[in-house]
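Asker: Using the hints provided, position chain E relative to the given structure of chain Z.
Number of protein chains: 2
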Amino acid sequence: MLIYKIPLACSDDQGMSVLIKNCDWIVTQNPSREVLRNCSVRVEGTKITEIGNLHGDAEYVIDGSRKILLPGLVNTHTHLSMTLMRGFADDMRLQEWLETKIWPLEQKLTGDICYHGALLGCLEMIRTGTTCFMDMYFFLKDVARAVEKAGLRAILSHAMIDLFDSKRSESQRRITQEALDFIKSLQSSRIGFAMGPHAPYTCSEESLLWSKEVAERERVPIHTHIAETRHEQAQFEKEKGMSEVEYLAKIGFLSPRLVAVHSVFLTGKDVELYARNQVKVSHCPVSNMKLAGGGVAPLSEMFAQHVNVSLGTDGAASNNCLDMFDTMKFCALEAKAHYWDPTVLPAQQVLDLATIEGARALGLEKKVGSIEVGKEADLILVDLKSPNLVPIHGRSTVVSDLVYATKGMNVDSTIVQGKPLMINRNLLTLDEDKVMEEASSAALMLTG
Amino acid sequence: MLIYKIPLACSDDQGMSVLIKNCDWIVTQNPSREVLRNCSVRVEGTKITEIGNLHGDAEYVIDGSRKILLPGLVNTHTHLSMTLMRGFADDMRLQEWLETKIWPLEQKLTGDICYHGALLGCLEMIRTGTTCFMDMYFFLKDVARAVEKAGLRAILSHAMIDLFDSKRSESQRRITQEALDFIKSLQSSRIGFAMGPHAPYTCSEESLLWSKEVAERERVPIHTHIAETRHEQAQFEKEKGMSEVEYLAKIGFLSPRLVAVHSVFLTGKDVELYARNQVKVSHCPVSNMKLAGGGVAPLSEMFAQHVNVSLGTDGAASNNCLDMFDTMKFCALEAKAHYWDPTVLPAQQVLDLATIEGARALGLEKKVGSIEVGKEADLILVDLKSPNLVPIHGRSTVVSDLVYATKGMNVDSTIVQGKPLMINRNLLTLDEDKVMEEASSAALMLTG
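Residue numbers (the numbering used here), protein chains in the order written: chain Z, 1 to 448; chain E, 1 to 448.
In isolation and in its complexed conformation, chain Z is listed as follows:
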């Protein structure tokens, strides 16, 4: 790979011109899903300005030969700081896992611990080709600090949990409002905000509806866990005589701003309610399979009703990685196996969920999610010089190769808003050893 100029670190000045030259393949994800052969992309400042057979120079030239250029992947559900709990407790039942392992650790969280966990998560995402994500956790300012440093694009939310206690609801609203004000004060074009009422079984109606009201006013997404497990769904049936989604429809919580995370245990009527209210779904197959809450998300039924579906990894504690290539493969294979039909969730559709549909879920579809002139340059390069990516049979199979054969570790370059974060596996915004060392120390403060 030829790189004519590598800045030692990226400046915040986004006026640089970047030329990604002679890519073997460009998987554009544009409306006609064009796959281009031997083409180049020019970026000026934060945006893509030209795509084609380009000549001339740029301040920063990246050789794309023997590589696939594609839009950066969009992960619509993370708990970034939970990278620190990766592998801490596996093979356990959800409730026991939460009550005896995760929640006790979370009592010990501090802003600094969350910062180091979030930075580790950002590092893993840069390395594995995710350029944009939606997070939900605590100590949001510290998570934002990590995202800012790493250079990724993110929508951050504070996990609001009131446990039906009005005093707690009040304090959670205050924290949420402060977080919102903080994000607004950043005036960042990369870091946005979402309301984060955790789940209908941890939040009062009051908190849910307040979240929706603020989301409408501020024009931001709502990020909520819904219908993750059979147990949860059964509790709603027992206590309210209706499904969780029916309850949410009844109180008026459903909305086009809502990204309903998990949405596994749904009835046909629930899917209809989603469709009618234009609810978005963040599907997290790896976490759902690993925690085994029961059932399989009814993807075909959602697609039949044109529900927007995108993909999330969930936190590293229940995955145990943040690799969206892993999640794409699990998404495709789980659905095929579930429906006894190998034609379900073909590669192109799965790649859509991880790119343009993810952008749509976050209200960013005009900015990112595809490689088109005028869009922001959130791009990744997959290095084809790896045995698992040989052979490439041609234009019609490249997307398949991305979904079924590519690993996150095949990504060798990651660019966000025109700014290179990793080129040829060299990190430009983060000191990898330092991030991993400090994260290990932070983890020890939690578990030690």
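Keep in mind that the hints are not guaranteed to be accurate.
Where chains are identical, the list cannot tell them apart; a pair therefore holds if satisfied intra-copy or between any two copies.
With a Cα cut of at most 16 Å, we get these calculated EDC-like pairs of lysine to aspartate or glutamate [claimed, not checked]:
(1) K385 to E438
(2) K385 to E432
(3) K250 to E206
(4) K21 to E44
(5) K385 to D433
(6) K367 to D57
Bear in mind the hints are in silico, worked out from the structure with no lab data behind them.
Answerer: Relative to chain Z, chain E alone:
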């Protein structure tokens, strides 16, 4: 990493002493499943001679700090040369896939094409930590040539398909006999033979029983696809009024030498027949999910009856990679999701399937599959200097980290029979660029 001496290429002289020093963790997979901290392993010639707090020197010293040492993974079902068809045709129904895509390509196979495909497969396995595998395909001598060059351990079988034609049965027996004689003539301690009657729906009773007879005489495994799909099972019910396994029991084909690949669509009675006849199962979750032949292999039922289960990737055309870490994660998560129980297939059990149980399936459990003094040194090192492997919480979570968070690409060293094939990501037996280039050319001869 410190390597005091790296031979430019590996000699066939297996008299070298190797010291793998100060490994952060050694996951021994010995009978008590010990995980050792800060220990070393000494190898003299082909065998492990010491494990512990070792001092002194060796001809070849490998620094194991910030690494996990574990037994090389054992892949009990591959079609190695099919790496050339990786991604060639995905998202299709099995029969259509075979008839319109795979079989027509296979008409064009030659020994050289198979050699280049097999070499690419060996390269991918070395890179992702597989040290031993059982293969079934055509042009076995050429596959053996590739395995010999790469330095891996393998059991090779010729795919016998007679389509119930007695003339064809005869010629297939001849080819099989020649392949057997060839492998015997190699007198290799690394490359063995298995009988490979393809499947009960492609082989006559005569061919099946002949295979069993030869296997008994030669004391080698039998490698056969059984009960892969719902369709196949339904055909047996229709034509013979019994399940496929019942038919095989009736004709006397079941045996402790049989590695029954797939074994997805089984009845409770079938599992009992397996147990009674000590049949071994090669479970291929990725391929089964991707081809979506229906159902999920009844693993819990097999374990309850003490059936030996191991793991296979299947060919790259239906996976689309040969990464056993990928297969371990799919195995665990598919079973958890299927049984609605996250405690099913815990990490330790999954790692067992991919190591010692794989060795047992191939009759090699006294030679490989664990790190014990006296066993052959088939070893791999996982590099912990990667964000997806931070933090490591301690002895009790290392196995979990291997199964849920580790990627094949985290493997940085692979040793077979005491002979280093890859050290610190440098390949010692294969020229990676050349292997990939020649495989691409070979693929073009098939598809072009």
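Asker: Each of the hints needs a verdict: does it hold here or not?
Answerer: Taking the hints in turn, this is what the structure says about them:
1. For the homomeric pair K385 and E438, the shortest alpha-carbon distance between copies (13 Å) is at most 16 Å, but the shortest distance inside one copy (32 Å) is not.
2. Proximity of K385 to E432 under the C-alpha cut-off of 16 Å is restricted to the inter-copy arrangement: shortest distance 9 Å between copies versus 23 Å within a copy.
3. Only within a single protomer do K250 and E206 lie at most 16 Å apart by alpha-carbon distance; the minimum there is 13 Å, versus 67 Å between protomers.
4. Proximity of K21 to E44 under the C-alpha cut-off of 16 Å is restricted to the intra-copy arrangement: shortest distance 14 Å within a copy versus 50 Å between copies.
5. For the homomeric pair K385 and D433, the shortest alpha-carbon distance between copies (8 Å) is at most 16 Å, but the shortest distance inside one copy (25 Å) is not.
6. In this homomeric assembly, K367 and D57 never come within 16 Å of each other (Cα to Cα): the closest approach is 25 Å inside a single copy and 59 Å across copies.
Checked against the numbered hints given earlier, this structure breaks only hint 6.
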